[in-house]
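Participant: Given these sequences and hints, build the entire structure.
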Amino acid sequence: MARPLNIVHAADTPLALVLRRWRVYALFSVGFGALVVAIILGVAVGAIAIPPIAVIELVISRLFALPRPAIYPDTFDTILFQIRLPRVALTALIGAALAASGSTYQGLFRNPLADPYLVGVASGAGLGATLAMAFNLHTTPLGLNAVPVAAFVGAVGTVSLVVLSAQVGRTTPVSTMLLAGVAIGAFATALTTFLMLRSPDGLRRAFNWMLGGYNGGGWAPFFVVLPYLVVGLIVLQLNARALNVLQLDEEQARQLGLHVERLKITLVTASTLITAAAVAFGGLVGFVGLVVPHMLRLLGAHDYRHLIPLSALGGAAFLIFADLLARTLLAPTELPVGVVTALIGAPFFVILLRRLKRSVF
Amino acid sequence: MATLTIAHLFAGYNSRAVLHDVSLTLNAGEVVALVGPNGAGKSTLIRAVSGVVAASRGEVMLDGVNVLQASPVERAKTIAVVPQMIHLPEAFTVGEIVLMGRTPHLPFWAGESKHDCEVAWSAMKRTQIESLVERRVSDLSGGEQQRVVIARALAQEPKALLFDEPTAHLDLKYQIDVLELARSLAKEGGLAILMTMHDLNQAAVYADRVALMQNGEIVAQGSAREVFTAEQLSSVYDVRVAVSEHPAHGTPLIAPIANGQ
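As they're listed, the protein sequences go chains A and B. Just so you know, we're using this note's numbering here: the first sequence kicks off at 1 and counts up by one. Just so you know, we're using this note's numbering here: the second sequence kicks off at 1 and counts up by one.
Heads up, a few of these hints could be off.
Below are the EDC-like pairs computed for lysine to aspartate or glutamate, each with C-alpha atoms no more than 20 angstroms apart in a straight line [stated by the list, open to error]:
hint, chain 1, residue 1, chain 2, residue 2
1, B, 77, A, 250
2, B, 159, B, 208
3, B, 159, B, 180
4, B, 77, A, 251
One side only, chain A facing chain B, incomplete, derived with CB under 10 angstroms [to be verified]:
hint, residue
5, 110
6, 165
7, 244
8, 249
9, 256
10, 257
11, 260
12, 297
13, 328
14, 329
15, 331
16, 334
Hint data in this document are derived by calculation from the structure and do not stem from the laboratory. All C-beta atoms, glycine included, are put in the ideal place defined by N, C-alpha and C.
Facilitator: Laid out in structure tokens, this is it:
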């Protein structure tokens, strides 16, 4: 009987024992634990420190509609539920989106250097956001801020253009997709630069968005990004075993009965939607999509059925920690979170690579 | 009897025609060797039958179904390929690679069932790689990797198995091992086996029939004794050869003759 959602059957045949990897279960536990710790620290630390125990008690009492513990001041509630928790929750979604789509792209392009921005998401989002600022758009009909909406539209539009122009007959070779991504990305970036230079005020605002994303807005951004991430992750997870088979090479995958072209388009679509939603609010945060999946591969997660959800967990925890450092290192000045991810991510990554020399990809 | 019938097949790459009117029949339990010079179209024939190169005309019938018109999934349930250049993702284990052979039998979103594990395990037993199950494929020798790929092909539960130069890059021991294995898969497992080969002497010993290709056409087929004549081989390969008799098997033994001798 087929098992839903790619869950491996744990019957006691020798092969099933191979698939039942305790290491992977351990990684899931550690990843989940790291995420919980990251969330608690992320909301506890700040200009006004809230003790972690207070965070836990206040959240639990709110979640289960219990009487509020009276020993804590009311300001804790405001800081917790209206400022820090929405920010931490959105950061978690952005980290999860970037790491999950990064691991997918590395598999799809069979290239360890692939990151979520490979086929035009970044340059497209940048162009969209800059256009919105250059034309002084503030809100869209649905009441959302125009900048993230324009960034999302720009990202999705650019990737669509890349995929369409990379088509050769009825196929979309990944090498052509890469090259089209570079060319169209360069074009969009040039347009963005041109627009920025024409409006000095737009320049500063566009840079702010690229480095740090769009801040504020309470819970609204979280609830906008959430459905994209949930649906995208489910689609990626359902196609994760096929992505394993694609690691052989496209010809062997076809000979095993895989619809390779359909798989490629599905994976690019799902990854693009979750990345675009994340970038629209988070700006262009680098290194999460590269470091987190490779770290997990070095720790033994190479099966995409494990790697994709583990990347989502790890990416969420990693970005919350990075955001925490960005807020506190030079407080009250905030560093762009992308600076922190690169400053921590790059050296850590190099050390890991040097310690574990065997190929993991 | 499952029979693979290739009838009047034309195929090629981007309007460059490679195969011209190729017809060949394989019976269940039979090993057919496909020989011929480089560029004769041997690998293209394998790729056309397995559906990765589009055929412009002709048909490939297996059990009364034209597999060229079947979906990739249906085709992969009946025809499996052991490619020439074996590319395996290094981080994966032998067991995981063999289980990938179950792909055509699973909906794309589904994980492997107990039954899939059992089929893959018996394929590993058949190719004697059970002890490698937890090993990473990057740690294996070329001969072991080939057995992994053969096990993966068997896990597809195919009726026809296509080998593209199974003995390339292997030492003599592994060459004989893989040919013996292929022969026993045909004789005991009832598979129809087509393999492209460069070594004519091995083809003569291990194949029930041989087909000689030149310029995208099959110019002769039949027993090795009928096809491997000095005149025929000299004209197709453009080298002088002497044909004698294998001291142990009595099959044709082909030796090239150096120029000026």
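Participant: Does each hint hold? Answer for all of them.
Facilitator: Right, here's what the structure says about each hint:
For the suggested pair residue 77 (chain B) and residue 250 (chain A), the alpha carbons sit about 18 angstroms apart, so the restraint of at most 20 angstroms is met. For the hint linking residue 159 (chain B) to residue 208 (chain B), the alpha-carbon distance of about 17 angstroms falls within 20 angstroms, and the restraint holds. At most 20 angstroms may separate the alpha-carbon atoms for a hinted pair to count; residue 159 (chain B) and residue 180 (chain B) meet this at roughly 18 angstroms. Annotation: proposed proximity of residue 77 (chain B) to residue 251 (chain A) holds, straight-line Cα distance about 16 angstroms (limit 20 angstroms).
Taking 10 angstroms as the C-beta contact cut-off toward chain B, the hint placing residue 110 (chain A) at the interface holds, the least distance being around 8 angstroms. Taking 10 angstroms as the C-beta contact cut-off toward chain B, the hint placing residue 165 (chain A) at the interface is violated, the least distance being around 19 angstroms. Interface hint at residue 244 (chain A): satisfied, since its Cβ lies 7 angstroms from the closest Cβ of chain B, which is below the 10 angstroms cut-off. Given hint, residue 249 (chain A) at the interface with chain B, holds; its Cβ is 5 angstroms from that chain's nearest Cβ, closer than 10 angstroms.
Given the 10 angstroms rule on beta carbons, the hint for residue 256 (chain A) holds: about 4 angstroms separates it from the nearest Cβ of chain B. Annotation: residue 257 (chain A) was flagged as interfacial toward chain B, and the flag holds, the nearest CB pair being 3 angstroms apart, inside 10 angstroms. Residue-level restraint check for residue 260 (chain A) holds (minimum Cβ-Cβ distance to chain B is 8 angstroms; threshold 10 angstroms). Checking residue 297 (chain A) against chain B by beta carbon gives a least distance of about 7 angstroms; that is within 10 angstroms, so the hint holds.
Residue-level restraint check for residue 328 (chain A) is violated (minimum Cβ-Cβ distance to chain B is 37 angstroms; threshold 10 angstroms). A least Cβ separation of about 36 angstroms between residue 329 (chain A) and chain B goes past the 10 angstroms threshold, and the interface hint is therefore violated. Against a cut-off of 10 angstroms between C-beta atoms, the interface hint on residue 331 (chain A) is violated, since the closest Cβ of chain B lies about 41 angstroms away. For residue 334 (chain A), the shortest C-beta to C-beta distance to chain B is roughly 39 angstroms, which exceeds 10 angstroms, and the interface hint is violated.
Violation of the numbered hints given earlier is confined to hints 6, 13, 14, 15 and 16; the remaining hints are satisfied by the structure.
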